[in-house]
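Q: Listed below, chain by chain, are the residues.
Number of protein chains: 2
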Amino acid sequence: MILYDHAASSNCMKVRILLRQLELPFESVVVDLFTGETKRPEHLARNPDGRVPVLELDSGEQIPESGAILLHLAEGTPYLPPPGLARTRVHQWLMFEQNQIEANAAVARFMALTRRADGAPEVFADRRDRGRVAVQAVSRGLSDGRPFIAGDDYSVADIALYAYVHCADEAGVELLDHPSILSWLERVEATPRFVNDLAPIPSTGP
Amino acid sequence: MILYDHAASSNCMKVRILLRQLELPFESVVVDLFTGETKRPEHLARNPDGRVPVLELDSGEQIPESGAILLHLAEGTPYLPPPGLARTRVHQWLMFEQNQIEANAAVARFMALTRRADGAPEVFADRRDRGRVAVQAVSRGLSDGRPFIAGDDYSVADIALYAYVHCADEAGVELLDHPSILSWLERVEATPRFVNDLAPIPSTGP
Numbered sequence: 104m105i106l107y108d109h110a111a112s113s114n115c116m117k118v119r120i121l122l123r124q125l126e127l128p129f130e131s132v133v134v135d136l137f138t139g140e141t142k143r144p145e146h147l148a149r150n151p152d153g154r155v156p157v158l159e160l161d162s163g164e165q166i167p168e169s170g171a172i173l174l175h176l177a178e179g180t181p182y183l184p185p186p187g188l189a190r191t192r193v194h195q196w197l198m199f200e201q202n203q204i205e206a207n208a209a210v211a212r213f214m215a216l217t218r219r220a221d222g223a224p225e226v227f228a229d230r231r232d233r234g235r236v237a238v239q240a241v242s243r244g245l246s247d248g249r250p251f252i253a254g255d256d257y258s259v260a261d262i263a264l265y266a267y268v269h270c271a272d273e274a275g276v277e278l279l280d281h282p283s284i285l286s287w288l289e290r291v292e293a294t295p296r297f298v299n300d301l302a303p304i305p306s307t308g309p
Numbered sequence: 104m105i106l107y108d109h110a111a112s113s114n115c116m117k118v119r120i121l122l123r124q125l126e127l128p129f130e131s132v133v134v135d136l137f138t139g140e141t142k143r144p145e146h147l148a149r150n151p152d153g154r155v156p157v158l159e160l161d162s163g164e165q166i167p168e169s170g171a172i173l174l175h176l177a178e179g180t181p182y183l184p185p186p187g188l189a190r191t192r193v194h195q196w197l198m199f200e201q202n203q204i205e206a207n208a209a210v211a212r213f214m215a216l217t218r219r220a221d222g223a224p225e226v227f228a229d230r231r232d233r234g235r236v237a238v239q240a241v242s243r244g245l246s247d248g249r250p251f252i253a254g255d256d257y258s259v260a261d262i263a264l265y266a267y268v269h270c271a272d273e274a275g276v277e278l279l280d281h282p283s284i285l286s287w288l289e290r291v292e293a294t295p296r297f298v299n300d301l302a303p304i305p306s307t308g309p
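Here the protein sequences come in this chain order: A and B. Per this note's numbering, the very first residue in the first sequence carries number 104; after that it's consecutive. Per this note's numbering, the very first residue in the second sequence carries number 104; after that it's consecutive.
No false leads were slipped in.
In this list, chains with the same sequence are indistinguishable; a pair is considered to hold if it fits within one copy or across any two.
Cross-link-like lysine to any residue pairs, in silico, SDA-like; alpha carbons within 25 angstroms at most:
id: 1; residue 1: K142; residue 2: E277
id: 2; residue 1: K142; residue 2: G248
id: 3; residue 1: K142; residue 2: R233
id: 4; residue 1: K142; residue 2: T217
id: 5; residue 1: K142; residue 2: L279
id: 6; residue 1: K142; residue 2: P303
id: 7; residue 1: K142; residue 2: S283
id: 8; residue 1: K142; residue 2: R235
id: 9; residue 1: K142; residue 2: S242
id: 10; residue 1: K142; residue 2: S131
id: 11; residue 1: K142; residue 2: D280
id: 12; residue 1: K142; residue 2: M104
id: 13; residue 1: K142; residue 2: G254
Keep in mind the hints are simulated off the structure, nothing from the lab.
Whenever a hint applies, use it, and build me the whole structure from the sequences.
A: Structure representation (structure tokens):
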């Protein structure tokens, strides 16, 4: 399989984590968002939304969207329960992650680290503040003492949420007030073959 | 089943559309976001993120997140293909919808209709502009002439995208440049038992 990838994208890291945990070999091909490669015709043919990650299967089919890739790879594995309420809880947190964590905390972090926040402080503050509210929701979700976000078992929902929650402080979203999140992050990192290989956002990024 | 619901929420309308198409009876219980009811303890116990919709099953279990509810209800029905690449295409567009359409076009529309945009013009413009980019991605997704967004068959991905694409003009996102979207909206509306019952956002909203 080929992963159209970027080392500094935590959306891409989600897929790298699961591929390694499933012990599936893959080739990483960098598509550089910082030089506009993600918006070129050859990449738009892979993903009409012009982003990474995109996973190319051995059949040649291409799958965009980190959450869709996680669900595709995890089908039939211990990382995704069978259809029913347990799987629905995984879906719940995958959807929440895309809608509230990624769209707010991840965007704010990107703006902060690329200095785009300096030119658009209102936009940055809006994304950061909504990111804080989203992290509170994660904390509330873990408040019943469950070990993982969707219940007793580690799943792709934990991988998805880990991606931008573990680095939320870089978006100005403090985690120290949320001990349940800090201990959950440790449990996620302790799962077999879990590797956090997120690279820094290039300081030369436009 | 009980749907914790709001007539002016298109996230809630997604669930109403599918429940009617599946001919499943439900009771609608309004949780009013405009009076803070979604953030009260009794609703946070249903959804740690304090939003509607939440679907309460006859077993008493409560499911938040429109996308998760759609997938739960559609399992085993013609509205969701079995596991495999066809289902993954549905997941792809559900994730995209939450991340790019809902988080941008829907937020911009809400800000415009509640006049919150007047007090935060930079934030509004950012969400609207990203909403325009997202609608272009939908247009690109439909550009190969497929009848529905995930392929040949109508699915919950069409319901999810319809929710905030059909009213994107109220967010300042023009659809007239996208004839493939306009004809797709008509095909979605022509599916059996499809009802668009989205109510206006109350002008008295804070």
